[in-house]
Amino acid sequence: MNRLYGELIKDLLLLWRDRAGLLILFLMPALLVVIITLVQNNVYKLMGETSARVLLVDQDPGGLLGREIESGMHGVILTRELDGRPVTADEARNLVSRGTFQAGIVIPPGAGREMTELATAEVRASLTGSSAPGGPRPELSIYFDPTVMGVFRSGIENSLTMIVRSLEIKARIKAFGELLPGYLERELKKQAGEFADYVSVPPLKIDLKTAPLLTIAGRALSRSGLPVVPTPVQHNVPAWALFGMFFIVVPMAVFFLRERQEGTMARLLALPVPYAVILAGKVLAFTLVCFCQFGLIVVIGRYLLPHLGLPAFEPGHNYGAMAAMVLAISLAATGYGLLLGCVSRTFEQASMFGSISVVVASALGGVMVPVYAMPELMRRISVISPVGWGLEAFLDIFVRGGNLASIGGEIGSLLAFAAATGLLAWMFFVSRDRVG
Amino acid sequence: MTMSKVAGSEMVLQTRGLVKTYRGSDEPSLAGLDLTIPAGELFGLLGPNGAGKTTAISIMSTILKPTAGEVRIFGFDPGREGRRVKAGLGLVPQELALYQALTARENLRFFGRLYGLSGSELKERIAECLEFVGLADRGAQPVHTFSGGMKRRLNLAAGIMHRPRLLFLDEPTVGIDAQSRNLILDRLAHLNGQGTTMIYTTHYMEEAERLCSRVAIIDRGRIIAEGKPAEMIRAGDHATLQELFFALTGRKLRD
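So the protein lines, in turn, are chains A and B.
Heads up: the first sequence at position 115 corresponds to 115 in this note's numbering, and the numbers run straight through without jumps.
Residues are numbered in this note's numbering as their position in the second sequence, beginning at 1, plus a constant of 436.
Only chain A is shown next, with the shape it has when bound in the complex (with noise of 0.2 angstroms):
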């Protein structure tokens, strides 16, 4: 026990003195998960996550259309005028070509009447059985911001087409209510023959309440019931730690790799101890270095995120399933920090392959962008990355709701990669160092 304790402080010793080092463990995750939270916080915007400034030029401004879309718009901010007075059409493309707002809307002259007239007229024609009236038709313009995402886009354009088709239903309805007791009274003449003097039909009286029938109500799921709205902070607070906690491979690398260079191996070896304790050592110091890590950017959403206008981080309560967690990602990470530091011949090669490697591990695992995210082929290949099995797992805790037996899966994933990466390590080493 003295021993492995010897050893313990002895890396915690040399990490400290290693002030680049630690920079790279803790301050580049911090940095990380503050910066690239607020820019996805922006693109969440984008997305139309969140309100987006939208134009709206009216010139038509006696119809329906424009009330109509003021009031049914929801999600966005409308402006109608610019320093008091409504704002034009080339204006509105100015604006939105420079990304001052998102998107305009521009409803032309005449619109709404011409669109009462086309019910009217259709209605008649479906009533006579005569052709349905051809020719152009009044077209609303959208404008986008050239920067803004699909998503964002596709979410204007559908409500606006629902306000329209709305509008449109409301029109054949008002031209069929006045149509139809002419039509019918007509009709029913035609029939009653010598009767038809005693027949009338009195006025349709079609007044449509605009109160929705049914309510649509999105809701996530969340198994333990803790109400977790998904955003930026819930999956980037996880990411960017488990981005930090797979960084300590390089420093693990280059200290193995030094001990090795430098001749303190050696005189590891001719101790009286067994290699594995000292390994043990190594791996304990490392494992708390990724739990201070955890606990340092778990601090850093709960706290200092929300005084940015970020959401707070909801860690939850499941604390003994989030320790399982670290100390699987310390195991699997700490295992592939000896590989690396036993495959390596400098310095060098160390810090850059296993940098490389981790960035390339965390974008397949959905650090960056989430796996749902991303095309069919890199999500079929984002399975083999262990960054990818500790994120999945976290989520499932943070945002789902998770607990122990639902990331059990992860936890198994994660272990058998430390074995299998720290039994590598132990042959490379016994090969190279031992054999020779």
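The hints are simulated quantities; they were obtained by calculation from the structure and are not laboratory data.
Quick caveat, the model's predicted, so the values are computed rather than measured.
Positions of the beta carbon are idealized from the N, C-alpha and C atoms, including for glycine.
Check before you lean on any hint, since a few could be wrong.
[Unchecked claim] Covered, in the sense of this in silico footprint (three residues per stretch, anywhere, with C-beta under 8 angstroms from a C-beta of chain B), are these stretches of chain A:
#	segment
1	2-8
2	11-19
3	267-276
Go by the hints and put chain B onto chain A.
Chain B in isolation, oriented as in the chain A frame:
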């Protein structure tokens, strides 16, 4: 002859037919090394670059596995009784096997703990070893601030923390100032005088002549001469060990 007793004296180390061929190499680094080191001896292993000195030290100190042959240390097979054997071994490697970011005291505390020392015994031993190598007032200084000579002296201190019975020294004075070298040689003689058996490699023939009770000159993995320095010089009609060395190994560069 058994592996543990020769002519009644206790044998600390014996090797028989030690062979080491590294992977990817056609030539063996050791080609049948036979050594017998009795207790209390300060034995010099001399040879040109690539002769197999460091390989021999690495195998004898249990770091490296031989391709063939056997080693007995304190009468035990290190392959089977590794921990028992290692507890009595000390190693001062050719490289400065120290943690540069740690202080001298932290380095000794770490190695002392791994040798099983703790508490007041560890504390006292750290102070003794620092004093022994002339670094008593530099214990709190990080190793990276040390001169080459100071690092070599601390390297020696780390190897003797646990009072080993058998100490391996692989070129312990290479590349240092005259004062540090003199101190190290004095301390080695002192340790040997207290009963520590030593196996010592060096390129400095005058050091070996001054210090070693017996030397072996090896080349291409084999012993080509062995004996007491003075007797070997006399027998070959040479003025110094250096002359004998050149006569046996040639003056051609060995890079």
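Here's how the hints hold up against the structure:
1. Counting residues of the segment 2-8 of chain A whose C-beta sits closer than 8 angstroms to any C-beta of chain B gives 5, which meets the bar of three, so the coverage hint holds.
2. Here's how the segment 11-19 of chain A fares: 4 of its residues keep a CB closer than 8 angstroms to some CB of chain B, so the rule of at least three is met and the hint holds.
3. Under the rule that three or more residues need a Cβ within less than 8 angstroms of chain B, the assignment of the segment 267-276 of chain A holds, with 8 such residues.
In the structure shown, no violation is registered for any of the earlier numbered hints.
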